[in-house]
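Guided by the hints, dock chains X, F, V and P onto chain G, whose structure is given.
Residue numbers (this note's numbering), protein chains in the order written: chain G, 101 to 700; chain X, 10 to 337; chain F, 332 to 905; chain V, 14 to 389; chain P, 133 to 275.
Do not rely on the hints blindly, as some may be mistaken.
As the list claims (entries may be wrong) - Straight-line Cα separation of at most 20 Å, SDA-like style, residue types lysine to any residue; simulated pairs: (1) Lys374(F) - Glu150(G); (2) Lys676(G) - Asn640(F); (3) Lys161(P) - Glu150(G); (4) Lys467(F) - Ser697(G); (5) Lys222(X) - Asn559(F); (6) Lys575(F) - Glu595(F); (7) Lys156(G) - Ser845(F); (8) Lys503(G) - Lys200(V); (9) Lys221(P) - Lys222(X); (10) Lys568(G) - Ile16(V); (11) Lys585(G) - Asp33(V); (12) Lys161(P) - Asn468(G); (13) Lys618(F) - Ser697(G); (14) Lys125(X) - Gln225(P); (15) Lys232(X) - Phe854(F); (16) Lys200(V) - Val326(V); (17) Lys188(G) - Asn559(F); (18) Lys266(P) - Lys222(X); (19) Lys188(G) - Gly496(F); (20) Lys417(F) - Ser471(F); (21) Lys335(X) - Glu231(P); (22) Lys625(F) - Asn149(G); (23) Lys188(G) - Asn260(G); (24) Lys230(P) - Val55(X); (25) Lys526(F) - Asn149(G); (26) Lys625(F) - Asn640(F); (27) Lys221(P) - Asn165(X); (28) Lys234(V) - Glu570(G); (29) Lys575(F) - Lys592(F); (30) Lys695(F) - Ile140(G); (31) Lys467(F) - Val823(F).
Because the hints were derived from the structure by calculation, they are not lab data.
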Amino acid sequence: MKNIEQTGIFFYNSPELIPDSLDYTELATYAQGYKNVSKIWNYNDFPWNEENILKKIESYHLERLVIAGALPGSLKTLFSKAMAIAGKDPQDVILASFNAYGIYSKKDIERAKAILACAILDIPYEIAALPDEASVNPATLVIGGGIAGIQAALEIANGNNLVYLVEKTGTIGGKMATFDKTFPTLDCAACILTPKMVEVNQNTHIKLMSYCEVKEINGQAGNFSVKILKKARKVNVSTCIGCGTCSEKCPAQAPSEFDSGTTMRKAIYIPFPQAVPNKYLIDAESCIYIKNGKCKACIKACPVPDCINLDEKDQDVTIEVGNIIVATGYQPFDSKRMEQYGYGKYPNVLNSLEFERILNASGPTGGNIHFRSQDKKGNWIFNTESEKPERIAIIHCVGSRDKNYNKYCSRVCCMYSLKFSHLILDKLPEAEVFEYFIDMRSFGKGYEEFYERIKEEGVSIIRGKTAKVEQKNDKLLIRGEDILKAEIIENEVDMVILSVGLEPGEDTAKLSAMLGIPVSEGGWFEEANYNTDATGTFRGGIMLAGTCQGPKDIPDAVAQGSAAAARVIRNILRGKVNLDIDKIPLRAIEQRIKELSTIQ
Amino acid sequence: MPLDTITSKPKLKLAIYWGAACGGCCVSVLDTHEKLLDIVAAADPVFWPIAMDIKYKDVEDMPDQSIDLTLFNGAVRNSENKRMAQVLRKKSKILVAYGACAYMGGIPGLANFFTKEEIFRRAYEESESTLNPEKIRPVPEYEVPEGKLEIPVFFNDVLPLNKVVDVDYYIPGCPPQSERLIEVFTAIVTGAALPPKGSVVGALEKTNCDECKRKKTDNKKVKKFYRLWEIQDDKETCFLEQGVICMGPATRGGCGVRCVEGNSPCRGCYGPPAACSDPGAKMMSAIGTMIDADKPEEIDEIIESIVDPAGLFYRFSLPGSILGRKLS
Amino acid sequence: MEEPRIGVYVCWCGTNIAKMVDVEAVTTEVGKLPNVVLAKNYKYMCSDPGQELIIKDIKGHNLNRVIVAACSPRIHELTFRNAVEKAGINPYLFEMANIREQDSWVHTDRTEATTKAIDLVIAAVRRVLYHEPLEKRSVSVDPATLVIGGGISGMMASLEIANAGKKVYLIEKTDHLGGHVVKFDLTFPHLSSAKQMMRPILQRVENHPNIEVFLQTEIHEVTGYVGNFKTTLRNKDNEGTELKFGNIIAAVGLKPFDPSKIEEYGYGKFPDVITSMEFEDMLGTGKILTKYGKEPRNIAIIHCVGSRNKKYHEYCSRTCCMAALKFVHQIRAALPSTNIFEIYADMRAYGKGHEEFYAMTTHKQIMFLMYDQQERLPVIRQANRSDDCNMIIEMDEKLSGLPIEVPVDMVILMVNMEAHENVKDVVHAIGVSLCGNQFFIEKHPKLDPVATTTAGVYIVGTCQGPKDIPDSVAQARAAAARILATIEGGTVPVEVTTSFVNEKLCCGCQTCISVCPYSAISFNEIKKVSEVNEVLCKGCGTCGSACPTGAIKCKHFTDLQILSEIEGIMSMSY
Amino acid sequence: MSIRVNPELRNQLIQYGIGDWNACYHCGTCTAMCPLSEEGFLFPRKKIRLMQMGLEAQLESSVEPWLCYYCGDCTKTCPRDANPGELMMSLRRYLTSRYDWTGLSKKFYTSETWEIGFILFFAVMVVLSFLVILPSFGFRFTTELTAQGGVKVNSFAPIHIVEKFDWTMAIIVASLLISNILRMYYKIIWKSGQEKVSLFVHIREFWLLIFNFAVQPKFSKCDDKNYWISHWFLMSGYTIMFIVIVVYLPWFQTEKILPIYNLQRLLGYYATFGLLFGLLVAIIGRARREDVKFRFSHVSDWLFLFMLTSTVVTGILIHIFRINGMAYATYIAYIAHMAVLVPMILIEVPFSKWSHLAYRPFAVYFTQLKKYAIPR
Amino acid sequence: MNFRPTIVAFLCNWCAYTGADLAGTSRLKYAPNIRIIRIMCSGRIDPTFVLKAFQQGADGVLICGCHPGDCHYQEGNYKCLRRFKLLQKYIAQMGIEKERLQLEWISASEGKQFSELVNNMTKTMLTLGPSKIKSSLEVEYIK
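If we strip away everything but chain G, and leave its shape as in the complex, we get (with noise of 0.2 Å):
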């Protein structure tokens, strides 16, 4: 048993890191009721260099120091230096890292506190802090459809148990849909992903309410009552037969969500034609019916009976869960904040997902790639008519790794950028392809190949963000340096694509105070541990899957869908779930370290 003895306590914290700092003298009078506290020292005692240091541990005899506060790993390096100079093993210096626990303001002092007092009697906080438990409703639900949470839901009902599915759209799927292929093995996303969708569909344990929000959040971990809104769809979903004679006859049109805006849809509509489920329904916002009152076009041509209810209103469901997955995902950065790339502007500068869809067979141009043009009524549209672009930009990191804008790397833009190199000289041969990039990260396996192989394809990747870009004549004129030749980059492109960046769904904000999930510095739901739990939460049975949690590709975000899965499952097998960690009575914990410490 090591002797811990003797302790020394140093307390650091940068303010940068925690503006609402905590109340250091609190917890250093705290930590004084400890008896092995030899001595305590606050960042700004004196100046941290080694002489410092080693003075105190020889003058004070101490054998293990504590380093407490936001971030104390950035200086364990200079206290482990010291302690070997004294001669002590250079492993007692013992980190009590609040921010490594999602401690940021005032009122997490308790649980600060018990950081700090596991550290001191040597007792891992993770072994300490144990929460309490309850019984498990085996039902589960999952917020949203896209692939982390289709994965999440497939993996639950796998092993026979109940999931309901809430997802706010018409269908599941969610981004990954709209994709055209995915990286790096050019699989078509549509053909890997659809078969997840019709197995949802097929899954008689799985409950999808399609078009429905979760509302409310009551009761806790194991036995949560979920309040959900059920948006009037308007078409009833067990009998519509999806012929589409409806959205034929249909006469109000409004902006496809699905192609990202690059097409019409009309007002009774289905998201795209795999959707799941595959039954149509009706945007209030864009119904000639709903907003004055007559049309009904859509009940005339309908072959089914009562299928197709006009006046029908949202309607609040309530269900009883154990277990919350929140796979809630991404929306793009909103290039229009980025004035400097003319995004609204100028017709042929688009963002990804729009140009997603451009290269989609299924999209405005079947998959064509063609320039935004002027119809007849002047309104600017894709549609094969149209010339093709010779020259095409692509401009990295749009919205991401910007502190004006996003300060996070968006983790998948490298790699979807260098997938429309790609896809468009596939396309279009002849055409030439640029890109700007800052670094290239290919990280993932065969991403590296595959970068290796778009350069070998003839693509210009050219090191140099672009600084703006600007239409002159028919031409957009996109303006840099690029890097390593060091020269000013003027090239004349026929079509800018702007490899936007992720961001939090428009709902995290809501959900967040919803769940009790706190979401960190980038409005990314918080993980309870960046390493070991970056699917579980603060809240016992609320787990994360998929880019709520922080950007990341699909193997990714499927990967963490299944881990979060992996959790629910877990915990209905044991018929027990842990509640919520930060909740844990601070008594409870220095209750704890004191069975398990040698010394009282």
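Just chains X, F, V and P, lined up with the frame of chain G:
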């Protein structure tokens, strides 16, 4: 039911003909010994060139379907063989390809490794005992003052019987075992239910290993293949496990494993089992599986020790195999 | 057998097929074949309406065999099999013709592509004539799980399963659990202590009543099949322990690349050129010192050592950039005035909080130098006596375009993660495949990243490809999810298309027995014939072609089916 | 030949401005956003790179920092906190100190004590001159007014002596500046080594110098035209005042009260207005710290603003007091005026921020020479 | 009409067939002369299949399996290699050019290699000219 008890029935009309054959098949009929008398009692040979004098014209004059059973032995090598096969087909109710040559080409079928030209050159010009400075070759038709002389046209290929006419049954073997002939004959004479047309009769469904008394294990890994004279056969262990290629596993039973009993590996005269569409391919596949090496060079070296795979695996069956002959 | 009544469906796949293949022509041509009762084409056969169409026709036209000409059977064979099964036809009386991946997408001449499509569909028709109904089977699942590898992935997977109340056997080759991570000092980007992180995990694994740990144990052979595996473990004393388990998780990890292969860096020649793993060890001692016991004045960290270069490994090792940035923090804390050089190619800070960490690191007074990791690697040479440093790195700096030299006293090589040499033992024991980089191949790179093509065998962590801790842990849990679900379900389906010995034909030569990689064939001494254990059999068919008698039939890939397919495929050829 | 990187140059550079330029991850946005960056003379990124790598020789031979007029577009669009505009500013300070052979510039930039000490020293000297030296030569304060009711300035500060002093100071400053410009020429054109410029080109392109000095056309390329205008007013006001004071002092420093439309008064008013306008923009900007170019202020920036403003204000006061016949007020204002003006000219013009008025046009001229250079 | 060779290819499900699919998903173009037959493992390939393909008029036969050591069924590809070598010796004896029968290893990631292989083999077949196997058997004296 023994043959002699059914003589009261009307006698069958029997024809036995030979194409490109050694005569062994005809001898196998005689090899029935005293049972031959029973055959004769039950059937009248109406056409049997080796045993009786009758002209082709007489056969041609017979009414169609008037022969109950024809045992056609020998392969089809020339226009005469082909013509007679066609005639007999017409005249016979049941036409049996009798013996390995009629069944799959047999030993004469090995001529398919050569072209007609090569064979003629060898036979009429190059063989050590030939003296033919004018390089005279046989010609099918030759005008002499007396008129036109004709000999049969020599085909480029040796063909199994079924390549020129429809065959009802096959009796394999080189020659077929006389006991098997008796069994088949008895069945026909007694009017037992005949198997579906095209069947191989007079042989077993299983292959030779089933009857073989040598000791077999699953240890069939070969580092080098030997020809029989290269090893000291222990007379007990499966030939394959000793590295000697034995066609037993891929050859129908029925012969009584005579060769192996005589401490010589099976050479495959009974042809492939029913499930195989090429006579040598299955054996080749099995032998390939036994090669005990992973590196390409080592594999090559082991294969080197299989001197003549085509001749080995298709000794009795080249014309009846999928490829049929060597390409020229 | 009833008269075959075949329905043929040709898919447009939007324009994917229809653009290059004249779908109408294919339909017409195939409609003429004998036994083909109807031939139709449709935009998306895989869509619900497409499947409905088949189901309706089967009932309406009394079809008993179905062909869909569409994408690769690897994608949708199962979809359609399920569809025909719904309509009451045995799913194995269905056949697919791949006219997209292997036709419309790879050819440029519409006539040729159409001809080829017709050939492929005819082949399918000819093949399906001989298809036989096969029965789906399932086996019960042993609730225990074998986890190979005691690194963080293996331990996290074990804990997840064990905490659900299920038995886990965790075997580890070395004498300790924790893998590479336990040797690390800090983790990025929160600079938490790796050892503190590992302590509770190790404690839980070691003390868990449901986890049995076997140290210094390797696995050589696993017999059995999904749900019912068996192995005999051999530890260093060669003592055997027999284990039975239902699922396997391979978490064997990777090992650091040996940089002595790269001449330019002089690893092994210069004592102060060390690998990142060696530096982690040095951090563990608390002192950053050169071999002469001095504090280095200049430290260079070279990224991508053995990575992103075709001469060594083409792939990116995914974690080294961040680890290198982590080192900066550690060096800066201990050595406030030492010069630090980061020699990198692309800064890959892609994870959550990574870019922010990178930005934070830039304020640590370091010099970033960019090099070309493919064309010209930096060269490390001994410094001259007049230099106030140990070694000099000469390199072409890309961002300035200048040839420069960097004075250094210590060089840390951020080494690539590569496969263990002896990984093939495990590979063969559990029946997974390796990719060109010797990583374990997952079932599907996108949608099934932890399963393998062998049922009941999962791969997690870095053996599937380099990854950082959270990504490894996510995979570990993902595999656990799959296993827990099968345990909960109680049974798993097994291979249907197995081999089968026709006793009437088998001569007992035993050629097949040693051919089987799964020891599924045994010899029945009484009947004197071979027999296939159809649970063990995975349907490769090697025995079928080894059998000299034709007694072994490979279900769904019989000689007859394949030969007819060959005939069919050649029937229209020019 | 490989160039040794010098991580320790950082420690020197830091003293000239904001601390950390490592934040730059080389996206190139700044260079591309900059309207003044042109082929062959790219900045700020390339210069930031040289700073990051501590390449002293390459930095010294850089002309680009002088081409930057700090519109701040680069800093505004910079995705990191690299602040390229301010880095260019810092680099100009560094370069100024590198051109200066006396070493004083470095001292002034890197040590507030030195700079303020020197200023104070000169200020004291000036005060002493007026209070002790000049009186000892018989020049007295007099409350006597001229006929027009103006203060008799010349009796207190005799124009011929002040003029001589003026010329002396001008010659010292000019020789320091010229020697530094020669050093600048040496570093940029001569020592950088790879190219040779013919004498003809030197002569042909000389007009650029004057043109650029007068109009600052480069500055006008910046997107923020207002700043150019305010700076131009400031610059033109300053130049007029400088010329008038140094060359035409006897004409300018009169005891006569000339009519308001007289050229002397018009020029004076214009210069005062120009200076005040320019200063006001700069002071408000720096105080509000909203505009990126004003966000980071080095001590030298504030000092300079303070001194120039003081000079202008005291100058105005002299004028007002003089024409209103407030003798003592005039004298005090005069002494105060000189006490800031002299150190400002002696320190700021050759050694500190004000030197850019010379370096900038020369930089444009040198840039042009480099364009016509033929590789050696 | 110009000679348009036909190549029958036997591809193992796990590597080669997937590789060929990858060529498709990657839109790598290759000659349309190939007709692919999927088998689970190259070890399933019976010489009969190859001979049958030749008999049916194939000008070339291509067998593709996983790279040595990568077989999904552990070593089916080695078994294939051994049989292939023997078969090649046989077909050489039968007067068939060795180039008409090829065995190549294609991994699931080698779409590009696969497309190149098909193009090269097609070229080889064009140089060799049409196979005579089918015509040699269709002699006029056969019934």
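Hints versus structure:
1. Lys374(F) - Glu150(G): Cα-Cα ~73 Å, so violated.
2. Lys676(G) - Asn640(F): violated (50 Å)
3. Lys161(P) - Glu150(G): The given pair, whose Cα atoms are some 65 Å apart, is violated under the 20 Å limit.
4. Lys467(F) - Ser697(G): Violated, because 57 Å separates the two Cα atoms, which is more than 20 Å.
5. Lys222(X) - Asn559(F): With a Cα-Cα distance of about 38 Å, the restraint between Lys222(X) and Asn559(F) is violated, given a limit of 20 Å.
6. Lys575(F) - Glu595(F): violated (50 Å)
7. Lys156(G) - Ser845(F): violated (72 Å)
8. Lys503(G) - Lys200(V): violated (37 Å)
9. Lys221(P) - Lys222(X): Since the Cα atoms of Lys221(P) and Lys222(X) sit roughly 32 Å apart, the hinted pair is violated (cutoff 20 Å).
10. Lys568(G) - Ile16(V): Status violated; Cα separation ~34 Å.
11. Lys585(G) - Asp33(V): Violated - the C-alpha atoms of Asp33(V) and Lys585(G) are around 25 Å apart, more than 20 Å.
12. Lys161(P) - Asn468(G): The hint holds at about 18 Å.
13. Lys618(F) - Ser697(G): violated (30 Å)
14. Lys125(X) - Gln225(P): holds (17 Å)
15. Lys232(X) - Phe854(F): violated (24 Å)
16. Lys200(V) - Val326(V): Not satisfied, since the Cα-Cα distance of roughly 39 Å exceeds 20 Å.
17. Lys188(G) - Asn559(F): violated (51 Å)
18. Lys266(P) - Lys222(X): violated (42 Å)
19. Lys188(G) - Gly496(F): violated (42 Å)
20. Lys417(F) - Ser471(F): violated (25 Å)
21. Lys335(X) - Glu231(P): holds (16 Å)
22. Lys625(F) - Asn149(G): holds (18 Å)
23. Lys188(G) - Asn260(G): Given pair Lys188(G), Asn260(G) is violated - Cα atoms ~55 Å apart, limit 20 Å.
24. Lys230(P) - Val55(X): Violated, at roughly 51 Å.
25. Lys526(F) - Asn149(G): Measuring from Cα to Cα gives roughly 24 Å; hence the hint is violated.
26. Lys625(F) - Asn640(F): Not OK: Lys625(F) and Asn640(F) at ~34 Å, beyond 20 Å, violated.
27. Lys221(P) - Asn165(X): With a Cα-Cα distance of about 24 Å, the restraint between Lys221(P) and Asn165(X) is violated, given a limit of 20 Å.
28. Lys234(V) - Glu570(G): holds (18 Å)
29. Lys575(F) - Lys592(F): Violated, because 42 Å separates the two Cα atoms, which is more than 20 Å.
30. Lys695(F) - Ile140(G): Since the Cα atoms of Lys695(F) and Ile140(G) sit roughly 27 Å apart, the hinted pair is violated (cutoff 20 Å).
31. Lys467(F) - Val823(F): holds (11 Å)
In summary, the structure is inconsistent with hints 1, 2, 3, 4, 5, 6, 7, 8, 9, 10, 11, 13, 15, 16, 17, 18, 19, 20, 23, 24, 25, 26, 27, 29, 30 from the numbered list given earlier, while agreeing with the others.
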